[in-house]
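With chain A held as given, fit chain B onto it using these hints.
2 protein chains.
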Amino acid sequence: MKQAIVARADLGMGEGKLAAQVAHASLQAYEDADRQAQREWKGSGQKKIVLQANSESQLFELADRADKKRIPHAIVRDAGHTQLDPGTVTALAVGPAADDRVDAVTGDLSLY
Amino acid sequence: MKQAIVARADLGMGEGKLAAQVAHASLQAYEDADRQAQREWKGSGQKKIVLQANSESQLFELADRADKKRIPHAIVRDAGHTQLDPGTVTALAVGPAADDRVDAVTGDLSLY
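As you go down the protein sequences, you meet chains A and B in turn.
The first sequence begins at 66 in this note's numbering and counts up one residue at a time.
The second sequence begins at 66 in this note's numbering and counts up one residue at a time.
In isolation and in its complexed conformation, chain A is listed as follows (with noise of 0.2 Å):
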């Protein structure tokens, strides 16, 4: 089981803001999770890992794909009261799931 937070490394968000946007989406991704899937996460060390992306339309897109597996996800938006424009989307989570069923999410991205 694991968790995969993808935020946009384009944005060039400070460190403390990075964090904060990848603890949002984190999270969030965790209350759309089933219980079991939660239980199974958190009882395992509720591995996370954090992944770059470079634009706005490639978070959309592997939400898109975390959606059609069914795969718990979330993205967030700044609400722009420090360092971006309100409604930025700064980051995707993606899990907790499985982990080659997060791998098949993204797996091929860099890590942060």
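By construction, these hints were calculated from the structure, which means they are not laboratory data.
Among the clues, some could well be false.
Copies of the same chain look alike in the list, so a pair counts if it works inside one copy or between any two.
What the hints assert, rightly or not - The calculated lysine to any residue pairs, modelled on SDA-like cross-linking and capped at a C-alpha distance of 25 Å, are: (1) Lys107 to His146; (2) Lys134 to Gly77; (3) Lys107 to Leu149; (4) Lys107 to Ala128; (5) Lys133 to Gln111; (6) Lys134 to Glu80.
Positioned in the frame of chain A, the structure of chain B alone reads:
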């Protein structure tokens, strides 16, 4: 309502690593909160801020302060598969709780 996540700046964590640790801490403290605090925080946009600390002892002091004030919180130790030694304390999340209660614990820290 907000949640403050305090991460160690002295470990030299890469951006993705930092983001994953912040996300771990965020989710664990969220689960330590009662259902009403969880709902209120999510309903108000789940505000998160990422702050910096510079030692393990500082994180434990802050956790102790949160504990005494009965604010939900969670300390994260890294499993040590990459970059860090196993068991390294990397981050602390405080809240979700009312802004002033969180500030009473983490208000003196700088943004990460």
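Going down the list of hints, with the structure as the test:
no. : hint             : result
1   : Lys107 to His146 : between (32 Å within a copy, 17 Å between copies)
2   : Lys134 to Gly77  : neither (31 Å within a copy, 37 Å between copies)
3   : Lys107 to Leu149 : between (32 Å within a copy, 21 Å between copies)
4   : Lys107 to Ala128 : both (23 Å within a copy, 22 Å between copies)
5   : Lys133 to Gln111 : within (23 Å within a copy, 28 Å between copies)
6   : Lys134 to Glu80  : neither (31 Å within a copy, 29 Å between copies)
Checked against the numbered hints given earlier, this structure breaks hints 2, 6; the rest are met.
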